[in-house]
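Work out the full structure: start from the sequences and follow the hints.
Sequence lines, in order, name chains R and H.
Sequential numbering from 24 applies to the first sequence in our numbering.
Sequential numbering from 234 applies to the second sequence in our numbering.
Bear in mind the hints are in silico, worked out from the structure with no lab data behind them.
Cβ coordinates follow ideal geometry from the N, Cα and C atoms, glycine included.
Mixed in with the good hints, there may be bad ones.
[As the list claims (entries may be wrong)] If we take Cβ atoms under 10 Å as the criterion, some of the chain R residues that face chain H in the derived model are: (1) G53; (2) D73; (3) L80; (4) R105.
[Stated by the list, open to error] Away from chain R, derived, C-beta distances all over 12 Å, residues of chain H: (5) D270; (6) A299; (7) S357; (8) G404; (9) V407; (10) S463; (11) G494; (12) V565; (13) R630.
Chain by chain, the residues:
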Amino acid sequence: MSNPEAALWWARSRAVGPLRVPSATRTPAGMLRLVGRGGEHCWLLPRPPDDVTPAMLRELRMQVLPVEFPNETSRVLAAALRCCWTDIQGSPWPGRPATMREVLDVVDQLTPGRGEEVLHRFGVGALRRLNASRWLDIDDDAQRVCLGPRVATWPDQDLPVLRELCRELPLPRPDREPDR
Amino acid sequence: MDEQFGLDAVAAEQAVVSVFEQIVAVLARKADAAIDDATLFQLADTLFAAFARAGEDGLTVEQIKAACAAFPDDVIENRLGVLRKLGAIQPAFDRPYQREYRASFTSYVSMLFVQRMLARGGQSELHQLLTMEKTRLEGGQGTAEEALEVVVGVTTALRLLVAELVALTIGGTVEALRERAPLLWNAKSLIDQASAVHEILLKFWPELSRLCGELRSAIAAYGDASTNASARLIAAAGTSRALNLLPPEMWKRFARRATVGELAAVLADQVFDAPSPWHDVADLAEAAVGRSQPTSGRSTPPRSRVPDGDERPSQEWSDAEAERLTGIAEEVLSGGDSVAVEQLLSDTDWVTARRVLADLVAASNNDRLGYRLTWSGPVQVRPRSVPSWLTPGVFERVRRPA
Numbered sequence: 024m025s026n027p028e029a030a031l032w033w034a035r036s037r038a039v040g041p042l043r044v045p046s047a048t049r050t051p052a053g054m055l056r057l058v059g060r061g062g063e064h065c066w067l068l069p070r071p072p073d074d075v076t077p078a079m080l081r082e083l084r085m086q087v088l089p090v091e092f093p094n095e096t097s098r099v100l101a102a103a104l105r106c107c108w109t110d111i112q113g114s115p116w117p118g119r120p121a122t123m124r125e126v127l128d129v130v131d132q133l134t135p136g137r138g139e140e141v142l143h144r145f146g147v148g149a150l151r152r153l154n155a156s157r158w159l160d161i162d163d164d165a166q167r168v169c170l171g172p173r174v175a176t177w178p179d180q181d182l183p184v185l186r187e188l189c190r191e192l193p194l195p196r197p198d199r200e201p202d203r
Numbered sequence: 234m235d236e237q238f239g240l241d242a243v244a245a246e247q248a249v250v251s252v253f254e255q256i257v258a259v260l261a262r263k264a265d266a267a268i269d270d271a272t273l274f275q276l277a278d279t280l281f282a283a284f285a286r287a288g289e290d291g292l293t294v295e296q297i298k299a300a301c302a303a304f305p306d307d308v309i310e311n312r313l314g315v316l317r318k319l320g321a322i323q324p325a326f327d328r329p330y331q332r333e334y335r336a337s338f339t340s341y342v343s344m345l346f347v348q349r350m351l352a353r354g355g356q357s358e359l360h361q362l363l364t365m366e367k368t369r370l371e372g373g374q375g376t377a378e379e380a381l382e383v384v385v386g387v388t389t390a391l392r393l394l395v396a397e398l399v400a401l402t403i404g405g406t407v408e409a410l411r412e413r414a415p416l417l418w419n420a421k422s423l424i425d426q427a428s429a430v431h432e433i434l435l436k437f438w439p440e441l442s443r444l445c446g447e448l449r450s451a452i453a454a455y456g457d458a459s460t461n462a463s464a465r466l467i468a469a470a471g472t473s474r475a476l477n478l479l480p481p482e483m484w485k486r487f488a489r490r491a492t493v494g495e496l497a498a499v500l501a502d503q504v505f506d507a508p509s510p511w512h513d514v515a516d517l518a519e520a521a522v523g524r525s526q527p528t529s530g531r532s533t534p535p536r537s538r539v540p541d542g543d544e545r546p547s548q549e550w551s552d553a554e555a556e557r558l559t560g561i562a563e564e565v566l567s568g569g570d571s572v573a574v575e576q577l578l579s580d581t582d583w584v585t586a587r588r589v590l591a592d593l594v595a596a597s598n599n600d601r602l603g604y605r606l607t608w609s610g611p612v613q614v615r616p617r618s619v620p621s622w623l624t625p626g627v628f629e630r631v632r633r634p635a
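This is the structure we're talking about:
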């Protein structure tokens with residue numbers, strides 16, 4: 024990379040993941056700029072060439088970073104996608120905010136028969152992990168779940184599968200009490 | 234005293250003084266005769282340096298005071314009195330009204346010795362002593378009296394070392410044990426050296442066999458004591474923590490006092506990556522609705538449930554894989570010894586190119602095949618061509634040494 028400024032931005036994002044910066048920041052070369060809902064901040068993510076994702080590592084038979092509790096975490100991410108991705112023809116980012124209760128309700132319908140406490144414990148654990156890796160953006164106080172910047176890194180060719188998935192998933196049940 | 238003179242510094246000074254006291258204890262007449270302040274030691278150091286600069290002329294009392302101007306007057310006065318009385322500084326010539334003094338060589342060497350003892354706790358002195366004795370006694374040189382002296386001296390030193398270690402291991406706190414851990418360092422080589430000395434003694438002075446027996450048991454006792462002490466330290470360190478013999482305060486102190494360079498050196502060969510796992514869409518779909526997606530990665534063929542003696546199938550499979558990769562590699566090289574990756578990946582679409590790349594990487598990673606991918610910089614960014622980012626690389630045959 025010729026531009027040292029851009030190289031620094033890449034190094035920063037390599038070290039800390041997606042970067043949340045003021046909107047006035049210029050977009051460095053090769054990075055994806057995602058404007059947040061408020062418009063004051065935007066996210067900078069490295070955009071690898073040719074829509075390559077870390078899934079490529081599997082093809083090269085290299086170690087991928089393991090997901091903790093992969094099934095649970097994937098289910099919660101899918102449920103959050105179902106709740107937040109309203110305009111299913113567009114891209115998932117930024118989506119609309121949903122509540123934790125809604126997301127956990129979708130998870131509950133996916134894995135019926137689990138006790139309230141188990142569901143809550145596993146669900147919240149998965150939400151925390153997804154928040155830490157910036158797949159979701161969670162506001163604990165407001166119990167609000169938004170999609171994180173990394174959902175924008177799914178390449179376009181994956182979106183049909185995601186749309187299909189979202190159509191299959193149940194919607195949160197509106198008649199539930201907020202706190203059973 | 235500046236602001237930094239905190240608890241740590243006081244503790245460190247206390248440790249220093251306690252070693253001084255242990256060293257001079259043998260020679261001291263009264264319990265309070267040793268210095269109780271590390272500053273006084275620094276003063277002596279400054280003083281000897283000044284004498285060394287002055288050369289054969291020596292120094293007058295006024296010059297001494299000027300050289301040690303950093304210390305209070307009465308302290309210098311007091312030190313001069315003591316050093317003069319004990320002969321560490323002596324009149325340059327033996328005549329009345331002599332104003333110049335010279336410093337004793339022996340005193341300064343003993344000071345260097347004390348400093349070494351401070352740093353290593355005296356164990357390396359024991360090492361050197363053993364080495365010297367070994368050299369001296371080798372080949373049967375030296376008298377029977379010398380040999381007797383050596384065997385008694387070494388036995389006593391080892392026994393005292395054992396007593397201290399055992400007391401710490403059994404009754405002491407782990408912190409105290411950790412502090413005295415330098416006693417354990419190089420235990421093996423200490424034992425080896427002592428055994429060598431023991432063998433020489435036994436070979437040339439058979440009459441010392443009874444004393445040699447005691448030396449043998451002292452060496453064995455030291456081996457046991459150091460093993461037990463290490464075992465206790467390891468147990469205290471626990472399994473999850475790395476085995477470090479340094480107390481946590483020392484780590485903290487290092488972190489506080491190290492320069493930016495020292496701290497950065499720790500990270501010099503580390504690459505950090507934000508630990509954020511990737512969620513593949515296929516995995517997501519499978520977990521959420523139990524639908525399995527065809528994954529792009531190849532998987533191994535299913536194995537028979539019946540155990541079949543040896544590991545033949547996996548061997549066969551990897552052989553087949555290796556054969557396939559060899560075929561591809563040879564086709565790519567087409568008789569040559571190396572080929573530029575850029576050449577292979579251009580003029581195709583990315584889907585084909587990355588399959589080729591995956592095979593080349595697999596061939597390069599396979600230990601049993603003699604191929605290698607070598608990358609060099611810099612990255613070329615080539616918008617609207619495939620691949621759009623390209624690092625120059627060479628796929629080559631590795632010449633095996635015959």
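Evaluated hints:
Restraint check, G53(R) versus chain H: the minimum CB separation of about 7 Å is within 10 Å; hint holds. With a least beta-carbon distance of about 5 Å to chain H, the hint placing D73(R) at the interface is held under the 10 Å criterion. Because the beta carbon of L80(R) sits about 8 Å from the nearest beta carbon in chain H, less than 10 Å, this interface hint is met. Annotation: R105(R) was flagged as interfacial toward chain H, and the flag holds, the nearest CB pair being 9 Å apart, inside 10 Å.
With 12 Å as the threshold on Cβ separation, the claim that D270(H) sits away from chain R holds: the shortest Cβ distance comes to roughly 48 Å. The beta carbon of A299(H) sits about 55 Å from the closest Cβ of chain R, which is more than 12 Å, so the claim that it is off the interface holds. Its beta-carbon lying about 43 Å from the closest one in chain R, S357(H) satisfies the requirement of being farther than 12 Å from that chain. Once the 12 Å rule is applied to beta carbons, G404(H) is consistent with being away from chain R; the minimum gap is 45 Å.
V407(H), annotated as away from the interface, keeps every beta carbon of chain R farther than 12 Å; the closest lies near 34 Å. Annotated as non-interface, S463(H) keeps its C-beta farther than 12 Å from every C-beta of chain R; the closest such distance is 35 Å. The claim that G494(H) lies off the interface holds: its Cβ sits roughly 20 Å from the closest Cβ of chain R, which is beyond the 12 Å cut-off. With a least beta-carbon separation of about 17 Å from chain R, V565(H) lies farther than 12 Å from that chain, consistent with its non-interface assignment.
R630(H), annotated as away from the interface, keeps every beta carbon of chain R farther than 12 Å; the closest lies near 21 Å.
Consistency note: the structure conflicts with none of the earlier hints.
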